[in-house]
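Engineer: Now for the letters of each chain:
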Amino acid sequence: MADAFASEWIKLRRRSLFYGSYAAVLAVACLVTILTFSTAGRAAATGPGGASTPLYQLAQSGGSVNGLEGSLTILGVIAFAIAASQMAVEYGQGTLRNLLVRQPRRIAFLTGKFLAVSTFMIGAVAIATIGAIVVAFAMAHVRGVSTYRWTMLSGLRVMGTGFIDVALATVGFALLGMTLGIVMRSSVAAVAIGIAYLLPVEQILASTVTSTAGYLPGQLLTAVAQGGTSAISYAHSLLGTLLYLAVAAGIGVTLFIRRDVTA
Amino acid sequence: MLDVPFDASPPLALSTSGLTKSYGARSAVSDLNLAIPKGVISGFVGPNGAGKTTTIRMLLGLIAPTAGTGEILGADLGQPDHFLHRVGAMIESPAFYPTLSGQKNLSVLARLGGIPQMNIVRALHRVGLADRATDTFRSYSLGMKQRLGIAAALLPDPDLLILDEPTNGLDPAGIAEMRALFRSLADDGITIFVSSHLLSEIAQICKHLVVISSGCIVFQGRISDLMDRAQPLLRATPELLGQLGSLEQLANGLGMVTQLDRGSLVAHGDSREAARLFRAAAQADITLVQLDVSRPSLEDAFLALTGDGGASTSEPGAWDLEGVRG
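From first to last, the protein sequence lines are chains A and B.
Heads up, the first sequence is in this note's numbering, so the first residue is 17 and it goes up one at a time.
Heads up, the second sequence is in this note's numbering, so the first residue is 6 and it goes up one at a time.
Please note that the accuracy of each hint is not assured.
In silico SDA-like pairs for lysine to any residue, Cα to Cα no more than 20 Å straight-line [what the hints assert, rightly or not]: (1) B:Lys212 / B:Gln84; (2) B:Lys109 / A:Ala212; (3) B:Lys212 / B:Lys109; (4) B:Lys109 / A:Val105; (5) B:Lys109 / A:Gln109.
Computed beta-carbon distance windows for the label pairs [said to hold, decoys possible]: (6) A:Ala154 / B:Gln122: 53 to 59 Å; (7) A:Arg121 / B:Gly54: 29 to 35 Å; (8) B:Ser32 / A:Leu33: 38 to 44 Å.
No lab work stands behind these hints: they were computed from the structure.
For each residue, glycine too, the CB sits at the ideal point set by N, CA and C.
With the rest of the complex left out, here is chain A (with noise of 0.2 Å):
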């Protein structure tokens, strides 16, 4: 398992790969920081871009990574993407049966290479995290929120739990990816109806029929980089997503393992 986590990390050091997810984690979380400040009024308003946050609410403790939350869903589709492209490309390209030859334990080779998406994800989040702070300090000063509360150690609390939920949330969002990755064995189908399913499909559900948005994975892992939402608590979405991600590792090992490399 360590050898397929090295020899995932090699090929996802390609510098094409590494600093354009990165740049682009990093961008996107500045980009929602940088807005949700801009936005931000005197009180809660609804206009057509959606909610804006509240001054006073981001001058609360979890102000600093008020950003980073908001900047989930894309986070999480960037992530989902490039697990699922990945995984695919394995098939897509044939390289597949070249690995499982040099590693023929198909569960260590699949637990070695999640395992690599996933940290190369939270180092994203952690960059995107450090961006976002950064911004949000800045921005504060510019709209003239006050940052006190960030620094207390409730501040820094909410800072470490914000980046612990945006990753874990980043992680389903792998493991979900990989996971569709497997069942497609083709890049662009597997990222095309992840990102379908999970910007359109998923939110127009989740907005017509508010009553499901509680048991979406999609919307659970959202409510999970949150540390809960006023619909969903932080244990109800955690324990859905667990569930989601159960049933989706379930299904990708047993395809993977059972099924011929024929490509």
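Since the structure of chain A is provided, determine the placement of chain B on it from the hints.
Structural biologist: Same frame as chain A, but now just chain B:
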């Protein structure tokens, strides 16, 4: 099936018993009993779709057999992790990551298999890619990609090499180099099981041959044994085309089974029978402008075994007289 023993009881690098792969009602590989002696270069040939790649994938643990057992380097075929660390393989076209260099591509595999990094340099040198090691895979020519595939197969210092069409895309000089490489690997005691559709290549580098057709083995053994079983063919051409019928009657009178082919008479027969036909023709005042005896080529033998006469590019009927006409 012609199953010619290679030796009395040679130690085997690879053996299977009743190896079968079915997809529903269709059998891709059926009841395969392979026996590849240690230290030989064994050719694995068969028409397209005969089941070569499916067999190779089963040997490498990539495809689960529907039935059958086997042993590779003394380990159970069903436990590929017990033998694959001693096996190098190249399956079909070389598959690598296009944006990684050749060296990095090999690093991915070496790291995964717990193979020392120094083996990478050695393998690249052995296939003549050392000076292009840091170039991206996508910038390689087809021949270079093929060489990288062979370098990947050499990474674990294998005792057994399983190669699927390794000379595809190589120019004649590259093919000659590969031939020399395979010979030197065999000299080092490495068993090579190589599939190819280039029968001339197989004939040059292999002593042992497995011929598969429609998922079944139709010949297994020494190439020389296969060729010895092929009856020589004589071809006689009269000076006057109108005498061809009379020549055929003479040959039939001598007990030969004949066919006519493009103005010539073709029959199974060695030089002794050729001499008899020559004397009979002379007595009947038929002048022969051509009379030769030839051994069937490996390709002819292959086509006769696999029944794939449509693909013949050599002398018609050299192996199977039924294929002469038309």
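Engineer: Which of the listed hints are not met by the structure?
Structural biologist: 1, 2, 3 and 6
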